Amino acid sequence: GAVVSQHPSRVICKSGTSVKIECRSLDFQATTMFWYRQFPKQSLMLMATSNEGSKATYEQGVEKDKFLINHASLTLSTLTVTSAHPEDSSFYICSATLPGTANTGELFFGEGSRLTVL
Amino acid sequence: SQQGEEDPQALSIQEGENATMNCSYKTSINNLQWYRQNSGRGLVHLILIRSNEREKHSGRLRVTLDTSKKSSSLLITASRAADTASYFCATMKGAGGTSYGKLTFGQGTILTVHP
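As given, the protein sequences belong to chains A and B, one line each in that order. Counting from 1 along the first sequence, just add 145 to a position and that's the residue number in the numbering used here. Counting from 1 along the second sequence, just add 830 to a position and that's the residue number in the numbering used here.
These aren't lab readings, by the way, just hints derived from the structure by calculation. Nothing here was measured: the structure is a model prediction, and the numbers come from that model. Glycine is no exception: its CB is placed at the ideal position from the N, C-alpha and C atoms. Be careful, since some hints might not be right.
[Stated by the list, open to error] Reference listing, derived: stretches of chain B covered by chain A, where coverage requires no fewer than 3 residues with Cβ under 8 angstroms from a Cβ of chain A:
1. 866 to 875
2. 894 to 900
[Unchecked claim] Quick list of in silico lysine-lysine cross-link-like pairs, DSBU-like style, CA-CA up to 30 angstroms:
3. A:Lys211 x B:Lys900
4. B:Lys899 x B:Lys932
5. B:Lys886 x A:Lys209
6. B:Lys900 x B:Lys856
7. A:Lys186 x B:Lys900
8. A:Lys209 x B:Lys899
9. A:Lys209 x B:Lys900
10. B:Lys932 x B:Lys886
11. B:Lys856 x B:Lys886
12. A:Lys186 x B:Lys932
13. B:Lys932 x A:Lys211
[Stated by the list, open to error] If you only want the chain A side, here are some residues facing chain B, beta carbon under 7 angstroms, derived:
14. Ser188
15. Leu189
16. Leu243
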């Protein structure tokens, strides 16, 4: 149980285009999902908290117009990198918590999506 | 400020040896968690230790927490080549406020276990 699926695992796009990454909780309903970004050989940086049915909460320094997050259902959150540029190239990882454990429990992570912007 | 700093940054050992990784943090926490990440993959939860716990075991893993020193250690006993991965500690702050449910990750320790 508690499987999080992320798609696509790899994407290459041209500068100026937009890319959508999907994060699905396969066997549970996730009212809250988290989006992280990871540079090579570095730690995970929290970008935003995605709440079902409401606006995402972005961390300081993260451009909300650049990284659009939509959490339209209890099992799906999407991250859209708009007008992507080479500096947006990174590893993006989503995670979710089981219902009722958001403030105490473990996170379940997707496999990550490696974005390369040419 | 950096929460969850780990040392060593890299650790190389032989199969069968024990591996110890340390994590320090700066603010009060609700719990501390350890995760493993294979290269280019997502993270896998290993173990969670609450602020009122001092030690926890799970299979070959042993985690300690010293809240007075704001530090934790992860011990992997009898290591195997398959344990080769990056290991991250992550801290969760107390209930309430804007930190609800957020984990702050350390820089990680890259463990290499040679067969």
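Outcome of the hint check:
With a threshold of 8 angstroms between beta carbons, the proposed coverage of the stretch 866 to 875 of chain B by chain A holds, since 6 of its residues qualify and at least three are required. Given a C-beta distance limit of less than 8 angstroms, the hint that chain A covers the stretch 894 to 900 of chain B is violated, as 0 residues qualify and 3 are needed. Simply put, Lys211 (chain A) and Lys900 (chain B) have alpha-carbon atoms about 36 angstroms apart, too far for the 30 angstroms limit, and the pair is violated. For the suggested pair Lys899 (chain B) and Lys932 (chain B), the alpha carbons sit about 22 angstroms apart, so the restraint of at most 30 angstroms is met.
About 39 angstroms separates the Cα atoms of Lys886 (chain B) and Lys209 (chain A), which puts this hinted pair outside 30 angstroms; it is violated. Our distance criterion of 30 angstroms between C-alpha atoms is met by Lys900 (chain B) and Lys856 (chain B), whose separation comes to about 7 angstroms. Restraint check for Lys186 (chain A) and Lys900 (chain B): the C-alpha separation of about 24 angstroms stays at or below 30 angstroms, so the hint holds. About 37 angstroms separates the Cα atoms of Lys209 (chain A) and Lys899 (chain B), which puts this hinted pair outside 30 angstroms; it is violated.
For the hint pairing Lys209 (chain A) with Lys900 (chain B), the CA-to-CA distance comes to about 33 angstroms; that exceeds 30 angstroms, so the pair is violated. The suggested pairing of Lys932 (chain B) with Lys886 (chain B) holds, with an alpha-carbon distance near 22 angstroms, which does not exceed 30 angstroms. Restraint check for Lys856 (chain B) and Lys886 (chain B): satisfied, since their Cα atoms lie roughly 21 angstroms apart, inside the 30 angstroms limit. A C-alpha spacing of about 21 angstroms is found between Lys186 (chain A) and Lys932 (chain B), which places the hinted pair at or below 30 angstroms, so the restraint holds.
Restraint check: the Cα-Cα separation between Lys932 (chain B) and Lys211 (chain A) comes to about 22 angstroms, which is no more than 30 angstroms; the hinted pair holds. Here the hint on Ser188 (chain A) is kept, as its CB sits about 5 angstroms from the closest CB of chain B, short of 7 angstroms. Given the 7 angstroms rule on beta carbons, the hint for Leu189 (chain A) holds: about 5 angstroms separates it from the nearest Cβ of chain B. For the restraint placing Leu243 (chain A) at the interface with chain B, the shortest Cβ-Cβ distance is roughly 11 angstroms, beyond the 7 angstroms limit, so the hint is violated.
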